Structures are given as C-alpha cells and as structure tokens.
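Asker: As a plain string of letters, each chain reads:
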Amino acid sequence: MTTIIELSYILAASLFIIGLKYMSAPASARRGNLIGAIGMLLAIVVTLLDRQIVSFTWIIVGMVIGSAAGWASARYVKMTAMPQMVGLLNGFGGGASALVAVAEFLKLAKNPPLPMDSSITIILGVFIGGITLTGSFMAYAKLEGLVSGSPITFPLQKPLNAILILTILALSVYLVGWTPNMLFFWIIVAISLIYGVLFVLPIGGADMPVVISLLNSFSGLAACAAGFVVENNVLIVSGSLVGAAGLILTQIMCKAMNRSLTNVLFSAFGTGDSAAGAAGSTSDKTVRSVDSEEAAMVIGYAQTVIIVPGYGMAAAQAQHAVRELTELLQGRGVEVKFAIHPVAGRMPGHMNVLLAEANVPYTLLHDMDDINPEFPHTDVVLVIGANDVVNPAARNDKSSPIYGMPILDVDKARNVIMMKRSLNPGFAGIENELFYNPKTLMYFGSAKEKVQELVAQVKKL
Amino acid sequence: MPEGLLIGIEVFVLAMFVGFEVITKVPPTLHTPLMSGANAISGIAIIGALLVAGGKNDLVDTILGVIAVIFAMINVVGGFMVTDRMLQMFKKKPTEK
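Chain order of the listed sequences is A and B.
Sequential numbering from 1 applies to the first sequence in my numbering.
Sequential numbering from 1001 applies to the second sequence in my numbering.
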C-alpha cells in the first residue's frame, strides 16, 4: 500500500510539472490547468488511503466547507477583482501550511526532545506560512480599498521590524538547541503573523504586482517547508515549483520597474522625498486638451492605433467599452493593437485577463519589447489610465526617481491621446512631461464614460 | 545530518531548477492564470492537513487539522476553478455573441 501511495505521489508531482509546461501557450493552457487539477485529485485520494488516517468525519466536514467556499469565490469573483482573489488564495495556502507545522510541533513536543531537523523545519514552516497568511490578507485589504492603498509608514518602523526578526531568530535558536518551550513557540507564531502585516503595510498600490508575486512564491515555499515537516516529497516538489514560479514573476516585475526587490520592500516608494525629483516648475507649460469629437476624428481617420491600457482602465471597468471601440475602428479599416507594460495594473498579466474577459483576442495584445519598435510608425496612441509606464522621464531625465525603468515609447508615435482624469501625477507622484508634449492631446474624464463617448463619436464619422 | 532531511533538500533543489526551467517560458499574457494555477498547486499542503486532521491525535491537533483542510481546499478548488474560468476567456478570435 505504501508503495502505491508513494508511486501515486510521484505521478501527481509529474502531472503538476506537465500541467505547468502546458501553461506556456494560451491554446494549451486550459488543458494544463486540468492536468494539474487531476494531479491534485490523485494526491488527495491516495492520501485518504493512508493508514495514518483513522477518522474521516472531520476530514469530510473540512473538505466540504473548503470546497464550497473555494467554488463560490471562484465562480462569482469579478475579473477586475482578480488580484484580490489571488491574494486571498495565496493566504489560505500559506495558512494551511503553517497550521500543519504548528500541529506537528504540538504532537512532537509531547515527547521531548525534538530532533533538531524537525524543529528547524517546523519553525521555517510557521514563519513563512504565517507571513504568507497575514501578508496576503493585508494585500487583499489594500487592493480591496479596506486599507489605504498608498504606503503606510510610522516612526521607528524599520527598527521595530528588525527587533521582531531578531526576536524570532533568538527564540528559534533556543528552541532548536534546547528543549521545546510552548510559550516561546507561540511567540514565534505571533511574531510571524504580525510581521506579515508589517511587511506589506509600507508597500504602495502600484508595487502590488511585486508583492502578489512574492507572496505567491512564499505560499509555495510554505508548502515546501510543510513537506519537510511531514517528510513528504510531493509537498516539497510542488512547493518548490510554485516557489520558483513566484520568484520568476517577482523578478520580472522588479525588472519592469527597474528596482531591486529590497527597494520595493523597504523604501515605501512615492511617499515624499523619493518623489521630489522631477516635480520642477510646470506652470509655464501648456497642455492641449480635446473633446470627444476631436479625439474621434484623430483616432477614426488614423491607419494604425495602439491602445495602452493601465490601472485606470481596470478601476473604471472600461474594458468592454474599449473592446467596442476596437471593433468599431477595425470595421473602419484601422489597424488596432494593444501595448501591455509588464507592471500595468495590480498583478502580473492583469490587463490581459481583463481584455480577454471583454472578448479582445489575445493575438492583438503585445508585450513591451515587441511593440516598442512600432511606435515611430504609428499614427495614434491612445493611453487609457496609464501614466508612469509611458513617462519619457524614465528614459531621459536622470534626476527622475523612475529613471531607467523600461517604458512604452508612446512619445515616438505621431499623435498621443492621453485619457486621464486630471493632470495629477500618478501613483509615484512624478510629473509626466508627455502631458506637455506638443504631440499630446489630453482627453480628460473617467475612462469608461470617455471611451463610450469616443465610440459614439466615431460612429458618427 | 539525518538522511530524510538530506533527501528532502536534494528534492527541493532539483525541483526548483525544474520550476525555473518550465516557467521561464510562460508568456506575459498568461502571467495571471499561471499565478493562480501555481497557487492552486501550492494547496498541496492539503496532504499534510489531511494527515493531521484524520490522524490519531488529540482534540487540539484535530481542530488545527480541520482548519488547515478548509484553508487548503479553498486554495485548491478556488485556484483551479478560477484559473479555468480565466483561461476559457483567452481566445484567438472574437466570438460571436
């Protein structure tokens, strides 16, 4: 029996790898996800056959409740709320791993002393899992708007964090080297949970793609740690796969913002001093603003149009109106493409999901590196609710805090229509010289209404 | 170093490499589904949770285990389902309504 279980676990782990492999192309991705789900089902079924399991009542209760909650949230969540959803799911995964580690400690602590490797892996499991749990819920609260999305800082924040980490280290050394001490163990649990909140608190809204990716990685590493705790290789394999996936995404996101991970985590970007850089005198610059009719003329008589969506499109739920505009323009013979910056939105790939929901074919969506060479021979770029990712200061103003960040070169196109609520600088508080570029037409208003007006006007042409 | 731990570390390191190899190739368009799909896989902690919840333990362990089972199942079911919901929207050509 044990052999069958072990072999099934290897099969499940292989299915996860194959599933992830299939995820690398849109056409096969859905099958890949299904293969992963089959692997999971297999792993669960054979675990239930394990002789260690003596009672099924509570297992069934837990599984029914968890499945129902998971099913309902997956079924009814709005696509715009996907970052929050993924945040929550990360948290639950991390929480489950932490609980497994805690339960194992309670069991082992009855017969001291604990083997050293068990104590180390249990503490790691509790720490990573705990941070993932509360950190993800904090990220959820920020994304959902329950807590301010901007960086939250308070005096002595960094010293406090340092003290917490040192305390954990000291207590861990004691627990590993000496005898199990219940009080110390619970303090470690508590600090891990508190630290999760504190670590997400100073990170701002536009940095959320990094945080979500990192927490995604943590949820995998937590499962991995739980795998070490219960000495189960399928947990270790699956956990590392997820850990690696999250790390890769984190790295891509950091690169797309030209910032190091430490800078994202510890600098509370956009809270003041860091944003002062480029906010020089702008009062003497002029802005050309247009109404819907003019904007429709510019865009309707163009041959090539590139649409650059940003968080503003998601916030205003304008993706369906954008699709309507796209089809209308295509009907007029205009070539329409979308340029997606890697950190547009609040999570990696956020814009792609929203546009897919609105029925925009993914073949129209282009990554930054592919589309940048096309801007110089593009008639009109329509920027909808994006700002920092199209700010030329990143390319040519060394004093700007975003200098060096890869951007979409929209200023190289013949005309730019910036759809924005106001001239306010974006999240990072950085002045955008693109607004004052003679090629730029500012089209003020809320993204959804303005795109709808544009649709109506283009129809009249 | 205990043998179990050693094998565990071995598996961990190799699996990380496999993970990096497989996932580097995922295009940016699929980053969100990749994340939620990978996230569902991290719900594999369900196995540990099941062993705790159903094992011969005292009440506290069982309660912790059941909560862990609930958390992990939300992660697994929610993760795979929401990924599927997203992926079925990704289309090459616009569909007629």
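Treat each hint with caution, since some may be false.
As the list claims (entries may be wrong) - Derived lysine to aspartate or glutamate pairs resembling EDC-like cross-links, with alpha carbons at most 20 Å apart:
#1 K21(A) <-> D1084(B)
#2 K439(A) <-> D411(A)
#3 K1092(B) <-> D411(A)
Stated by the list, open to error - Every beta carbon over 10 Å from chain B, so not counted as near; a handful from chain A, in silico:
#4 V237
#5 L261
#6 A456
What the hints assert, rightly or not - Per the computed footprint, the stretches of chain B lying under chain A, defined by three or more beta-carbons under 8 Å from a beta-carbon of chain A, are:
#7 1035-1048
#8 1082-1090
If you're looking for bench data, these hints aren't it; they were derived computationally from the structure.
Values in this document were obtained by computation on a predicted structure and should not be read as measured data.
Beta carbons are placed, not taken as given, at the ideal position from N, Cα and C, and that holds for glycine.
Asker: Hints first: check each against the structure and report whether it holds.
Answerer: Checked hints:
A threshold of 20 Å between alpha carbons decides the hint, and for K21(A) with D1084(B) the separation of about 16 Å falls inside it, so the pair holds. Pair hint K439(A) plus D411(A) holds up; C-alpha atoms about 8 Å apart against a cutoff of 20 Å. For the given pair, K1092(B) sits about 29 Å from D411(A) by alpha-carbon distance, which is inconsistent with the 20 Å threshold. Distance check on V237(A): its Cβ comes as close as 4 Å (rounded) to a Cβ of chain B, failing to clear the 10 Å threshold; non-interface status is violated.
For L261(A), the non-interface assignment is confirmed: its Cβ lies about 16 Å from the closest Cβ of chain B, beyond the 10 Å cut-off. With a cut of 10 Å on Cβ distances, A456(A) stays outside the contact zone with chain B, its closest approach being about 20 Å. By the rule of at least three residues with a Cβ nearer than 8 Å to a Cβ of chain A, the coverage given for the segment 1035-1048 of chain B holds, with 14 such residues. Counting residues of the segment 1082-1090 of chain B whose beta carbon lies closer than 8 Å to any beta carbon of chain A gives 9, which meets the minimum of three for the stated coverage.
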